[in-house]
Every structure is written in structure tokens, then in C-alpha cells.
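Trainee: So the chains spell out like this:
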Amino acid sequence: MLERYATAASTYAHWIDYQFLLIAVLVGFWLILAEAVMFWLIFKFRAKDGRPTQYITGEEPHQTRWITIPHLVVILCDIVIIVPAILVWYNIKQVLPPADETVRVIAQQWAWSFQQAGSDGVMDTADDIRTVGELHVKVNTTYHFELMSRDVVHSFAVPAFRLKQDALPGRTITGWFRPNRVGTYDIQCTQMCGIGHALMAGRIIVETPQAHAAWLLRNSSPSVAGQQTPPAAAMDAAMAMAEVRQ
Amino acid sequence: MSTEVQHAEPGIFRKYFFSTDHKMIAMQYLFTGMAMALIGGFFAYVFRMQLGFPNQHVPGYGIVTPGKYNALVTMHGSIMIFWVAMPVLIAAFGNFLIPLMVGCDDMAFPRINRFSYQIFLLSALVLLSSFLVKGGPFGGAWTAYPPLSASGAFNLTPVGATLWLLAVVLEFVAFLLGGINFTVTTMNSRAPGMKMYDIPLVVWMIVLASIIFMASVGPLVAGAVMLLFDQTMATGFYDPMRGGDPLLWQHLFWFFGHPEVYVVLLPAMGIVADVIAVFARKKIFGYKTVLYTTWAVGFLSFVVWAHHQFVAGIDPRMANIFSVTTLLISVPITEMVFLYIATLYGGSIHLDTPMLWALAFIAEFMIGGVTGIFLGSSGTDIYLHDTYFVIAHFHYTFVPIAIIAVYAGLTFWYPKMFGRMLNETLGKIHFWGTVIPFNVIFIPLFITGTAGDQRRVYSYAQFAEQSRPALQHLRTTSTIALLVMLSFQFVFLFNFVWSLRKGKSAGANPWRSNTLEWTVPSPPPHGNFAELPTVYRGPYEYGLPGRADDFFPQNVPD
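Just so you know, the protein sequences line up as chains E and R, in that order. For the record, in the first sequence the residue sitting at position 223 is 223 according to our numbering, with numbers rising by one throughout. For the record, in the second sequence the residue sitting at position 412 is 658 according to our numbering, with numbers rising by one throughout.
Keep in mind that the hints were calculated from the coordinates and are not lab data. The beta carbon of each residue, even a glycine, is placed where N, CA and C say it ideally should be. Check the hints yourself; a few may be wrong.
Below, simulated DSSO-like cross-link-like pairs (lysine-lysine); rule was C-alpha separation at most 27 Å, straight line [stated by the list, open to error]:
| # | chain 1 | residue 1 | chain 2 | residue 2 |
| --- | --- | --- | --- | --- |
| 1 | E | K44 | R | K674 |
| 2 | R | K261 | R | K380 |
| 3 | E | K48 | R | K750 |
| 4 | R | K750 | R | K674 |
| 5 | R | K748 | R | K261 |
| 6 | R | K314 | R | K261 |
| 7 | R | K314 | E | K48 |
| 8 | R | K534 | R | K441 |
Derived Cβ-Cβ restraints for the label pairs, each shown as a range [said to hold, decoys possible]:
| # | chain 1 | residue 1 | chain 2 | residue 2 | range |
| --- | --- | --- | --- | --- | --- |
| 9 | E | R51 | R | F299 | 48 to 54 Å |
| 10 | R | I682 | E | V73 | 42 to 48 Å |
| 11 | E | W40 | R | P769 | 35 to 41 Å |
| 12 | E | D49 | R | I567 | 54 to 60 Å |
| 13 | R | T481 | E | E35 | 50 to 56 Å |
| 14 | E | T57 | R | A754 | 23 to 29 Å |
| 15 | E | I75 | R | F377 | 46 to 52 Å |
| 16 | R | F361 | E | T102 | 58 to 64 Å |
| 17 | R | I567 | E | D100 | 31 to 37 Å |
| 18 | E | V122 | R | T481 | 39 to 45 Å |
With these hints in hand, go ahead and build the complete structure from the sequences.
Mentor: Structure follows, in C-alpha cells:
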């Protein structure tokens with residue numbers, strides 16, 4: 001149901017979409033039934049001359065069962081919804097499957113910047129690739145992200161992945177995703193972060209292994225790494241500014 | 247009381263600024279709330295125009311810049327909840343109805359009552375004054391998450407942020423004073439013979455809402471003072487660089503913020519219960535069960551707050567607990583709605599304007615209720631959190647509460663408040679002109695939210711997936727429907743003012759209702775009851791077999 005409105009491009013997107021469908025069917029049934037009963041009663045018991053109203057307290061057992069039985073069915077439906085909801089949540093947010101790759105995601109007013117290991121495969125070395133606004137990832141690869149913020153609360157959201165996690169200054173939050181469809185998808189900030197909130201867009205580019213390897217090679221050679229310095233320097237300047245503001 | 251009545255008419259100044267009469271204070275709350283609703287509605291018009299017709303000149307406002315957009319949405323949310331829903335639903339109806347319905351001459355503490363309104367008015371003025379200061383009004387969303395709200399360097403509205411916070415705290419003080427009054431008056435000043443289960447539901451619900459409010463607001467007042475210190479005295483309660491924690495605010499805010507939903511819901515449910523009973527000519531189905539479910543809702547509302555924070559960086563294991571409690575709260579609420587629907591069975595339903603509003607409340611609120619399940623279930627909330635799905639969901643609860651139920655109450659008690667009937671034809675035009683566009687505004691927003699539209703952005707130009715023309719058509723549809731809905735509100739304003747002078751004279755009890763407020767003249771005189779009433783039965787004895795009349799007022803002896 002959700003895929004009709006938003007592309008699904010990660011493994012857990014489908015889990016969330018099925019959960020959405022399950023809820024839609026269950027509550028949709030109840031909503032339509034309740035509305036239908038209500039409108040039927042309004043029609044059936046519209047005021048007519050000479051028809052007296054019935055005196056019903058709603059406290060006799062044969063009356064309360066009209067409430068008690070639906071009440072029990074609602075509890076049952078709640079259980080049917082809550083169990084898979086918690087399972088979906090558990091598998092996305094509580095479990096961290098082993099990582100093939102790790103990326104660092106840094107939020108600040110009003111840009112996304114990313115850091116990932118260069119061709120040596122080790123983070124925090126000279127050939128790390130730092131990008132602003134663009135994250136290149138490999139399809140069918142499990143990524144851990146380390147999410148941090150330099151100033152205010154932001155939220156790292158990739159609708160196509162059904163991924164959303166707030167970024168908090170002062171802590172690093174680790175999560176995961178596994179893209180399973182090649183393409184370019186939006187990154188949003190979904191937490192009000194100041195006047196540039198609507199400009200805080202990014203792209204996540206899911207590539208085939210070959211394309212990703214080529215990109216990696218292009219960007220982690222020392223000469224090109226030098227070209228990456230300006231955004232990194234800009235980020236450091238922004239961070240320094242953020243500290244001055246404190 | 248009798249000496250009060252013999253006083254000469256006080257001067258204008260004493261009458262309007264220092265009157266301690268509960269009906270006068272109720273009217274002041276009502277008109278202040280309605281004036282604020284016009285302002286909040288105007289803001290909705292401006293930012294919806296920007297979303298429907300991006301970057302165009304908005305007639306009556308101008309170009310909406312990002313900073314102004316943020317301020318508009320922040321002020322729309324704050325005003326509609328704190329300065330419209332609360333003063334109208336709790337303070338205006340509470341002040342007007344409680345003494346009249348429990349059968350006493352005034353509130354238990356009339357001077358505290360007066361003080362409460364004065365502080366409320368001050369809070370509204372402080373909020374509005376933030377439009378005049380350098381940097382303009384606060385734009386960090388009505389939830390005001392720090393560090394954004396804590397530092398002028400981040401939010402660029404250093405003065406506006408502080409004024410917003412001061413205004414909110416003053417508003418809380420006003421409603422703490424009011425809440426004490428509503429609770430004490432209902433518990434101590436009831437007419438002889440009125441037992442706990444003879445109290446009309448609307449009074450019960452306003453009292454329970456006041457208790458929930460008073461019990462939940464304390465932590466937020468403390469949190470607001472800490473935020474005020476962070477803003478003005480460079481403390482670091484919410485600053486992680488200095489050992490503070492931004493999440494602390496979120497917990498304090500939502501510990502109040504979620505019960506607050508029920509604080510405004512309960513009075514609305516109470517109004518609807520009373521209206522349905524009168525116009526279906528029926529006893530409320532399971533009066534006591536309605537009360538038990540209300541208590542259950544009140545209790546559960548204190549243990550659901552973190553469902554606003556599933557993805558906020560709290561321990562993910564905590565989400566499971568709050569997901570369960572959130573779905574649990576659906577049980578008493580559903581039961582309450584079922585009881586209202588069951589009340590219609592066997593009735594004699596008169597579709598006068600107040601009844602139309604009351605029935606629309608139930609029909610629309612159910613949509614708001616069931617869409618909450620998508621958000622309360624933690625798995626789907628990962629995707630839907632902070633999208634337009636959330637906006638559509640809570641407007642399907644808040645519009646029924648603060649607009650539809652308020653109209654049910656206003657059209658129902660207008661004859662008692664002003665002594666004249668509203669025009670029924672205009673009332674029905676206004677009803678359909680409000681309810682139909684309301685659905686056309688928010689159903690498209692469910693879809694854009696499902697498609698991933700995030701909240702609180704003035705433009706989707708930067709986001710390829712959200713810039714699809716199909717989504718823009720939906721946003722434009724929503725905006726046009728809003729224009730229609732807003733324009734129909736002038737029908738109500740006209741009807742309201744016109745009927746004050748030209749309406750048909752109402753008499754004491756035009757709806758043939760049972761409760762005590764209909765036993766006094768319309769409008770009720772100072773001191774309310776010429777002779778304090780005695781109560782013999784519950785408030786909903788309609789259609790009692792063996793009586794000529796289909797109603798049986800509470801004060802008529804057997």
C-alpha cells in the first residue's frame with residue numbers, strides 16, 4: 001500500500017509497508033463498520049411524530065454486551081497490531097546486524113555531511129572520503145550509520161528506506177540500513193532546525209558494486225582527496241562557528 | 247449572594263475589568279478565544295497559501311520567507327492549542343456551565359477566577375507582542391525543542407523565543423488557577439440532592455480535564471523555567487556541551503503535551519454527550535461506564551508520552567512499553583465512542599444544528615482515532631513520524647475538538663448565554679460549509695504524508711521525490727478547501743452577531759432539556775438562581791415511561 005506512494009529501496013521498507021497494510025485493513029474495517037452503524041441509527045431513529053423514545057439505561061447485562069463484545073474484539077485487534085509492530089521495531093531499531101560498511105552522518109544547520117572509509121577500508125585515515133549533501137552507497141550491503149549533530153536536533157530521514165532517526169548534539173546514535181535497489185533517493189531533515197530547515201536536503205545514491213568501486217577509486221586517490229578539502233574545511237569552519245555561538 | 251443581587255449596576259470599568267461573575271468571565275474567555283482563533287486561522291491561511299501556491303504573493307500578507315513560515319506554523323500551533331482550545335473548551339464553557347449546572351450562584355473562588363482571566367489575557371498579549379520585537383516571533387515549532395529554542399544564535403529570534411516561553415508559562419498559571427476553581431466548585435458547591443452520579447457529563451469531563459492538566463503541567467513549568475535560564479542566563483540545562491541533555495526537555499514537554507490532548511478532548515466529549523442526550527431524547531447509554539472510561543483515559547494519558555519520541559534518540563527498548571500503552575488507550579476511547587453511538591439507539595433524533603455538530607464530532611473523531619493507531623505502533627511510526635500523516639491525524643482530532651465540538655456547544659448554549667435563538671438556516675449552511683471542506687483539507691494530507699512529505703518546510707523544491715506534480719496538486723487542493731472552510735466561518739460570525747438582536751426570543755428552556763441551567767431565565771441573572779434548586783435525579787432522564795413529557799428536569803420533585 002505504501003509503495004504506491006513512496007518508492008521502497010531498503011530491506012526493511014517492506015516490513016514497515018506490510019505493517020502499514022495490516023493496520024489499514026484492521027482499523028479500516030472497524031472505522032467503516034462503526035460509521036455505518038452510526039449513520040444507520042441516525043436514519044432509523046430519526047424523529048417521527050407519535051413514536052416515543054425508548055428508556056434504556058445501558059446498565060443491564062443484555063445491554064452492556066453490545067459494548068463489551070466489541071470492546072473485547074478491539075483488544076484482540078490491538079494485540080494483532082502490536083505484536084508485529086514491536087517485531088518490526090525490534091528488527092529495525094534494537095537489532096544491529098553485522099556491518100559490511102560504516103558511514104558517519106553529520107548534521108548541522110543546514111547541511112548533511114558524510115564520512116566513509118576510502119579504498120583502505122579504514123575510517124579516520126587520510127584517504128577517508130568526506131562529502132557534503134551526497135552519500136554514495138553500494139546496493140545489497142549492510143551499512144551502519146553513526147549519526148551526530150553539531151548544533152541543534154536534526155532528523156536523518158530517507159523516505160525510500162523508511163529510515164528516520166533524530167540526530168542529537170552530544171551523542172552518537174548508531175543505526176543500520178541495507179539498500180536493495182539502485183537509484184538516487186532524497187534525504188530529508190524532519191526535525192525543525194531553524195530557518196534553513198527546508199534547505200537541508202541531501203541525496204543518497206545507491207550504486208552497483210562496480211559503479212561504487214569506480215566512485216571510490218575516483219575520490220580516494222590523494223590528488224582528489226585534496227579536492228575534497230574545501231567542503232571539509234568549510235565544515236570545520238562551521239563547527240568552529242557553532243562553538244563560538246555557544 | 248442575596249446582598250450581591252441588590253447592588254446597583256457597577257460602572258463599565260468595574261463591570262468588565264473586575265467583575266467576578268462567572269458568566270462575565272466566561273464571555274471574556276470566549277471572546278478572547280474567538281479573537282485568537284481568527285489570528286490562528288489567518289496564519290493557517292497564509293502558510294497554506296505558500297504550500298498550495300509556492301512563492302506567490304499571499305493576498306493580505308505578502309511573500310512568505312522561510313523565517314516567517316517557521317514563525318507562522320509555530321504561532322498557529324501554539325495559539326490554537328493554548329489560546330483557543332483551552333480558553334474556549336475549558337475556561338469559557340467551564341466558567342459558564344459549572345455553577346449553572348451544579349446549581350450554585352458562582353464559582354467557589356470568584357476572585358481567583360477573575361485573576362485567572364487577567365493572567366490569561368496578559369499571556370495572550372505577551373505572545374502577540376513578540377510580533378513587534380527584533381527578530382520577530384519564535385519559529386522553532388510549538389514543541390520548542392532545545393538547543394534550537396535555547397539559543398538565539400540557533401533560532402535567530404532571541405527575544406521572540408523568550409516571549410513565547412513567558413506567554414506559555416503565564417497561560418499555565420491562568421489555567422492552574424482556573425482548574426482549582428472548577429474542581430472545588432463541582433465538589434463543594436453542588437445543589438442539595440445532586441450526588442456524584444447526578445452531575446452532567448460535561449461538568450465531570452471539564453473537572454477531570456482540569457485535574458489531568460494540573461497533574462501534568464508541573465514538570466513542564468519546571469522545564470520551562472530551566473529553558474528560560476538557558477536562554478537568558480547562559481545556564482546549560484539542555485546543552486550537551488556543558489553536561490545538559492536536550493532530551494530532558496522532550497520528556498518534560500511531552501509528559502504534559504500528551505495529557506494535554508485529553509485535557510481538550512474531554513470537555514469536547516462532555517459537550518457532545520449533553521447535546522446528543524437532548525436531541526436524541528435519550529438517556530446516555532451507560533452513564534457510569536462513560537465516566538469509568540474517562541478515568542481510564544485520564545490515567546493512561548500519563549503513561550503514553552514517549553510515543554512522540556520513538557525516533558528521538560531514546561533507548562529503543564523504551565519504545566515497546568510506550569507502544570503498548572498507546573494502543574491500550576485506544577480501548578477506553580473506543581468504548582466511550584461506542585457508548586455515544588449506542589445512545590442513538592431507540593432515540594427520537596432531531597437534527598437541529600447543535601446535533602449535527604455533535605454527530606459530526608463522532609464521525610470525524612473516529613477517523614482521527616483510528617489513524618492514531620498507525621502512529622502509536624512503533625514500527626510504522628519510524629516512517630510516518632514528522633510527516634503530514636501526523637498533521638492530518640491530529641487535525642482529525644483537534645478540529646473535531648476545538649472547532650466542531652465548540653460549535654456544538656456554542657449553538658446549543660447560545661440561547662442560554664444571550665437569550666435568543668441562532669438562525670437555523672444559517673446554522674446549517676455554516677455546518678455543511680465547514681465539515682465538507684474540512685475533510686477535503688485533510689484527506690489529501692494523509693496521502694502526501696504517506697508519500698513522505700515532511701512537516702514544517704516552506705517549500706519542497708529541494709526534494710525531488712516530494713516535488714512530483716501529483717503531490718503538489720494535493721497540496722493545492724487542500725489549500726483551496728481551507729479557503730472555502732475559512733470563508734464559511736463568516737456565516738457563523740454574522741449569525742452570531744445578527745441573532746444577538748434579531749434572533750427569536752429563546753425562553754428559559756428552548757431545547758426541553760433536563761439540566762439545571764435551563765431552569766433559570768435566559769440569559770441568567772446575576773446570582774443565577776432566584777431560589778437555589780434541589781436536585782432529585784440524574785441529568786439524562788429522557789423518555790421515562792409513564793410521563794406525559796419526554797423529559798424530566800433534575801429539579802422537579804417526583
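Trainee: Taking the CB of T481/R and the CB of E35/E, does the distance hold inside 50 to 56 Å?
Mentor: Roughly 52 Å apart at Cβ, these two residues keep to the hinted range, so it holds.
Trainee: Has the given pair, K48/E with K750/R, been kept, meaning a C-alpha gap of at most 27 Å?
Mentor: Given that 27 Å is the threshold and the Cα spacing comes to 25 Å, the pair holds.
Trainee: Is 46 to 52 Å right for how far apart the beta carbons of I75/E and F377/R are?
Mentor: holds, 49 Å
Trainee: Sort out whether K48/E lies within 27 Å of K314/R, counting only the CA atoms.
Mentor: violated, 55 Å
Trainee: Do D49/E and I567/R keep their Cβ atoms within the hinted range of 54 to 60 Å?
Mentor: Given range 54 to 60 Å: holds, Cβ gap about 56 Å.
Trainee: Taken at face value, is the distance from the CA of K261/R to the CA of K748/R at most 27 Å?
Mentor: Satisfied, since the Cα-Cα distance of roughly 25 Å is no more than 27 Å.
Trainee: Given the hint that K261/R pairs with K380/R, test it: the Cα-Cα distance must not exceed 27 Å.
Mentor: violated, 37 Å
Trainee: Against the range 31 to 37 Å, how does the distance between the Cβ atoms of I567/R and D100/E compare: consistent or not?
Mentor: The hinted range 31 to 37 Å holds for I567/R and D100/E, with Cβ atoms some 32 Å apart.
Trainee: Using the beta carbons of I682/R and V73/E, state whether their distance is inside 42 to 48 Å or not.
Mentor: Violated, at about 32 Å.
Trainee: Lying within 58 to 64 Å: is that true of the beta-carbon distance F361/R to T102/E?
Mentor: holds, 59 Å
Trainee: R51/E and F299/R, beta-carbon distance inside 48 to 54 Å?
Mentor: Holds, since R51/E and F299/R (Cβ atoms, about 52 Å apart) stay within the stated range.
Trainee: Run the distance test for K534/R versus K441/R: straight-line Cα separation, threshold 27 Å.
Mentor: Roughly 13 Å between the alpha carbons, so the hint for K534/R and K441/R holds.
When each numbered hint is compared with the structure, violations occur for hints 2, 6, 7 and 10.
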